[in-house]
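Undergrad: Given next are the chains, with one letter for each unit.
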Amino acid sequence: MRLRTLVIFAVLVLMVWAAGCAQKQSSTKQLTLALVEGVEGEALKQAALDYQKQTGVQINFAQFPYQNLFEKELIDLNARTAAYDLIMLDDPWFPRFAGNQFLAELTPLLIKRGKSEPDADFVEASVNVCRFPYHTGTLYALPYVGNSQLFFYRKDLFEKNGLKAPSTWDEVLAAAKTIQEKEKGANGGKMYGYVMRAAQGNAAVADFMPIFWAFGAEMFDSTGKPAVNSPEGIAALEFMLELGKVSPPGYASFNADEVSAHLLQDTAAMSINWPAWISAFSDPARSKVIGKIEFAVLPDGRKPGQAEIGNWLIAIPRYSQNAEAAMDFLLWATTAEQMKRSALRGNPPTRKSLFQDPELVAKFPAYPTQFRSLSTSRPRPRTPQWNEIENAFGIFLSKANSGELSPTEAMNQANAEIEKIIQRGR
Amino acid sequence: MPRSRRLFSAGARRELLLPYLLVAPALAVLLALSIYPLLYSIAVSLQQETASGIVWTLAHFKRLATDNFFLTAMAHTFVYAIAALTCEFVFGLALALLLNGQIRGRGVFRASLLVPMMLPTVVVGIVWRLLLNPNFGAINGTLKQLGVNTESLTWTASPRLAFLAVVAVDVWQWTPFVFLVLLAGLQAIPQEPYEAALIDGSSRWQTFRHVTLPLLKPAILIVLLLRTMDLLRVFDQIFILTEGGPGFATEMISLYIYRTAFRFFDFGYAAAMSFVLLALTNVVSVIYIKLLHREE
Chain A
314 MRLRTLVIFA VLVLMVWAAG CAQKQSSTKQ LTLALVEGVE GEALKQAALD YQKQTGVQIN
374 FAQFPYQNLF EKELIDLNAR TAAYDLIMLD DPWFPRFAGN QFLAELTPLL IKRGKSEPDA
434 DFVEASVNVC RFPYHTGTLY ALPYVGNSQL FFYRKDLFEK NGLKAPSTWD EVLAAAKTIQ
494 EKEKGANGGK MYGYVMRAAQ GNAAVADFMP IFWAFGAEMF DSTGKPAVNS PEGIAALEFM
554 LELGKVSPPG YASFNADEVS AHLLQDTAAM SINWPAWISA FSDPARSKVI GKIEFAVLPD
614 GRKPGQAEIG NWLIAIPRYS QNAEAAMDFL LWATTAEQMK RSALRGNPPT RKSLFQDPEL
674 VAKFPAYPTQ FRSLSTSRPR PRTPQWNEIE NAFGIFLSKA NSGELSPTEA MNQANAEIEK
734 IIQRGR
Chain B
20 MPRSRRLFSA GARRELLLPY LLVAPALAVL LALSIYPLLY SIAVSLQQET ASGIVWTLAH
80 FKRLATDNFF LTAMAHTFVY AIAALTCEFV FGLALALLLN GQIRGRGVFR ASLLVPMMLP
140 TVVVGIVWRL LLNPNFGAIN GTLKQLGVNT ESLTWTASPR LAFLAVVAVD VWQWTPFVFL
200 VLLAGLQAIP QEPYEAALID GSSRWQTFRH VTLPLLKPAI LIVLLLRTMD LLRVFDQIFI
260 LTEGGPGFAT EMISLYIYRT AFRFFDFGYA AAMSFVLLAL TNVVSVIYIK LLHREE
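Just so you know, the sequences run in chain order A and B.
Final position of the first sequence in our numbering is 739; the numbers increase by one with none missing.
Final position of the second sequence in our numbering is 315; the numbers increase by one with none missing.
Worth double-checking, as some hints may not be accurate.
Okay, derived cross-link-like pairs now, DSS-like style, lysine-lysine, Cα gap no bigger than 25 angstroms in a straight line [claimed, not checked]:
hint: 1; chain 1: A; residue 1: K538; chain 2: A; residue 2: K605
hint: 2; chain 1: A; residue 1: K366; chain 2: A; residue 2: K653
hint: 3; chain 1: A; residue 1: K495; chain 2: B; residue 2: K163
hint: 4; chain 1: A; residue 1: K342; chain 2: A; residue 2: K425
hint: 5; chain 1: A; residue 1: K358; chain 2: A; residue 2: K665
hint: 6; chain 1: B; residue 1: K236; chain 2: B; residue 2: K163
hint: 7; chain 1: A; residue 1: K503; chain 2: B; residue 2: K163
hint: 8; chain 1: B; residue 1: K163; chain 2: A; residue 2: K558
hint: 9; chain 1: B; residue 1: K309; chain 2: A; residue 2: K601
hint: 10; chain 1: A; residue 1: K468; chain 2: A; residue 2: K495
hint: 11; chain 1: A; residue 1: K733; chain 2: B; residue 2: K81
hint: 12; chain 1: A; residue 1: K495; chain 2: A; residue 2: K558
hint: 13; chain 1: A; residue 1: K497; chain 2: B; residue 2: K309
hint: 14; chain 1: A; residue 1: K473; chain 2: A; residue 2: K497
Derived from the structure by calculation, the hints contain no laboratory data.
For reference, chain A alone in the conformation it holds in the complex (with noise of 0.2 angstroms):
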């Protein structure tokens, strides 16, 4: 009894010593690093493993699939374990970091290393998206990948027909018909002139935004009111409904696998898609298109197509212990040489250099096409509430679009909840 306790308190004493130990180790420069998985957390784990071997500051990860990525982001921030050193986010999730002050300013941090302001040679729409309030605020992050909306079409198809390439949303409306009409999709099956996601929340709404300002229409007025149901946001969803029409059943559900299987698999010849699918298209185990379809900037209505842009920034979390050490990875992550490694990956570059860089472009040729996206790009409402507004905003549309509401109802409600939200006001 006695010799078995003795032991017992030995193996604690010793497990307490070498825990002791450990911590003592971990004195040398470290950082730990938030990120999405798949190829943009990638590219940034990848840089991040060259620049440890280089500097010999050890580098810990903290890999999350997109969908837990913001939650475990924000109970860390709020609660101030400063468990990571950089995070990596989405640019919608940004004014509800920046807004509650859970990020460090960068200014002070460049100032101290001879610099003022971000390189020039970001795209300007990028570096927009990391000031809070956007475009003149304080700058908390740095672009790391230019994600911005494309039109994707089959160019076969539309030659076949004699169509010309899709400018405005009423040519794109045209040609979905004609192409229904005309076309069989793969085996012999039904060909859907368009394809979209109009699943509830962030998928319904990064499917219409285009649509609903190329209509001429805004969420806020000038007076910062909701209007979404405006006469220009109602025909938008009017007009959604009608592409509706000409995209394959059960469309009110899809997201972006789903758009994606439909054009990979030659059943719809058109949608709104992001970068990120390019690569599947010339993709023989995927693909039953390749070199088919056509990249281009989003089209006209009312007013000048604009894409949404939707991109990765790297920060550092207010409360950082290392927020020295953070920046110096983050400028270093950052500059052109490391984001051209990220962009041979498959990640677009938020610097303007890397879009005409030779190498680049040979092996990416929709490039000049994604830089004239990315540039002329619009963020989503900049509001730390866009979670909760793009929910709401999303059930109403995704409602419009199964038959449940008509537009109008649609909009009148969605604008009732919006209104709600912004009182309310957190």
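We have chain A already, so just place chain B on it with the hints.
TA: Here is chain B on its own, set in the frame of chain A:
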């Protein structure tokens, strides 16, 4: 003072303390992991962050009455629970009665019935999402081969079909559990009452109504209670199958609470909703217990 005058000897005192010492670790864990968070969440539900700091308020609970999303999600949850529970109970009881008797291949039936229950709910959600895909899914594929026009069978994209689908998936997965508990209950009933009923010349229905059902009541109570509590807090399979859509058609209260806390960053309101759900679940449980004990 002489030693003998002391109320307790040192040894006796030690013995008196021992039970408390033994319970202390468990109590500490319970306090840290259950009681403290519970009290904390009550506090959170009564607080609001304003420009001038945190204030105590009933605002979150007042908002509940005017929040269409909350009221609709709550209504969906109860309709969903009642529909799924009814089907599960009827099917579960029928299967239990059927497989309680001597039929061929009873073992195989029993074993194969349990498979859905063994799957993690997340997997169930993914499998059904694939099966129900309107264009590439197996269900519409099979129907098409049988000559059915599947154009309007968009499942997760149609508000009514989507609700039907989420109910059906739960029935598919959890009927076996109801069956299992009821079967165990049936097998625990002794033969004597049946023999007595037979001698008294009771019909099969009378035997079922007056012998089987009353004796099965404890098992019925347990299974209804467990399923109701599970159904009211359903999350994973719906989150994966429809994410509450299309629109708001299959949004359940647990999904809305999750969104409010972790997407909209409003922990106070989420906590307030959780307490309402907790209270309602308790009320339902008490009603069950009262109803099923009344006749005894």
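Undergrad: Hint by hint, note whether the structure agrees.
TA: Hints, verified against the model:
1. A:K538 x A:K605: violated, 44 angstroms
2. A:K366 x A:K653: holds, 19 angstroms
3. A:K495 x B:K163: Answer holds: K495 (chain A) to K163 (chain B) is near 23 angstroms, not above 25 angstroms.
4. A:K342 x A:K425: This hinted pair holds, its Cα atoms lying about 19 angstroms apart.
5. A:K358 x A:K665: holds, 23 angstroms
6. B:K236 x B:K163: Distance of about 45 angstroms is beyond 25 angstroms: violated.
7. A:K503 x B:K163: holds, 14 angstroms
8. B:K163 x A:K558: holds, 21 angstroms
9. B:K309 x A:K601: Measuring from Cα to Cα gives roughly 63 angstroms; hence the hint is violated.
10. A:K468 x A:K495: holds, 15 angstroms
11. A:K733 x B:K81: holds, 14 angstroms
12. A:K495 x A:K558: Holds: K495 (chain A) and K558 (chain A) sit about 16 angstroms apart, inside 25 angstroms.
13. A:K497 x B:K309: With Cα atoms ~63 angstroms apart, K497 (chain A) and K309 (chain B) exceed 25 angstroms; violated.
14. A:K473 x A:K497: The given pair, whose Cα atoms are some 13 angstroms apart, holds under the 25 angstroms limit.
The structure fails hints 1, 6, 9 and 13 (numbered hints given earlier, in ascending order).
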